[in-house]
Amino acid sequence: MKIAITGTPGVGKTTIAKLLAKEFNMKYINLNDLAKKLNAYIGYDKIMKSKIVDMKKLYKEVKKIRGDFILDGHFSHDFDVDLVIVLRCRPDILEKRLKKRYPGNRLKVKENVDAEILGVITSEVLQRKKRFFEIDVSNKKKKEIIQEIKQRMKNKKKENIIDWIEKGYEIKI
Numbered sequence: 122m123k124i125a126i127t128g129t130p131g132v133g134k135t136t137i138a139k140l141l142a143k144e145f146n147m148k149y150i151n152l153n154d155l156a157k158k159l160n161a162y163i164g165y166d167k168i169m170k171s172k173i174v175d176m177k178k179l180y181k182e183v184k185k186i187r188g189d190f191i192l193d194g195h196f197s198h199d200f201d202v203d204l205v206i207v208l209r210c211r212p213d214i215l216e217k218r219l220k221k222r223y224p225g226n227r228l229k230v231k232e233n234v235d236a237e238i239l240g241v242i243t244s245e246v247l248q249r250k251k252r253f254f255e256i257d258v259s260n261k262k263k264k265e266i267i268q269e270i271k272q273r274m275k276n277k278k279k280e281n282i283i284d285w286i287e288k289g290y291e292i293k294i
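Taking the numbering used here, the leading residue of the sequence shown gets 122, the next gets one more, and so forth.
Don't read these hints as lab results, they were simulated from the structure. Note that the coordinates shown come from a computational prediction; the quantities given were computed from them, not determined experimentally. Zero decoy hints are in this set.
Listed next, the in silico DSSO-like pairs over lysine-lysine satisfying Cα-Cα at most 27 Å (straight line):
1. K250 - K178
2. K217 - K262
3. K217 - K229
4. K231 - K170
5. K275 - K139
6. K157 - K178
7. K229 - K172
8. K157 - K181
9. K250 - K123
10. K221 - K264
11. K157 - K167
Let the sequences and hints guide you as you build the complete structure.
Rendered as structure tokens:
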């Protein structure tokens with residue numbers, strides 16, 4: 122099985138993906154590390170202060186990988202996988218995490234918190250018509266999250282979509 126662990130930056134993708142790979146005895150592939158290894162960049166975004174990844178190069182490389190694996194990255198849902206797990210985090214918690222990760226880059230923090238509030242990644246997954254489910258990781262221990270993922274993988278029913286706006290979170294201007 123090929124599983125993508127995705128979500129906005131700061132939700133805990135890498136932590137959970139590594140634990141899940143260990144739990145299921147699967148290969149772990151971090152797309153950011155793979156991009157670095159291949160030097161798969163096509164430019165630099167000065168405003169967001171981040172490299173622009175050459176997705177075609179990554180697609181080719183991931184296609185070569187045989188066997189079961191966990192694909193970790195906020196764009197992992199763009200790859201050919203059997204299941205997408207979208208990690209979601211309450212916007213107020215996410216904002217605190219991102220402020221620590223990107224000190225002084227208010228725009229990057231705001232863009233990512235807004236993306237979480239709007240459910241941008243879930244929307245992208247829905248457009249691609251892939252099998253997926255969401256996990257709210259807010260205030261949960263790692264073991265709890267892994268157990269919930271294992272349970273949800275067994276359960277094939279249609280999932281509810283997390284809606285932060287419905288829960289009262291707003292985009293700040």
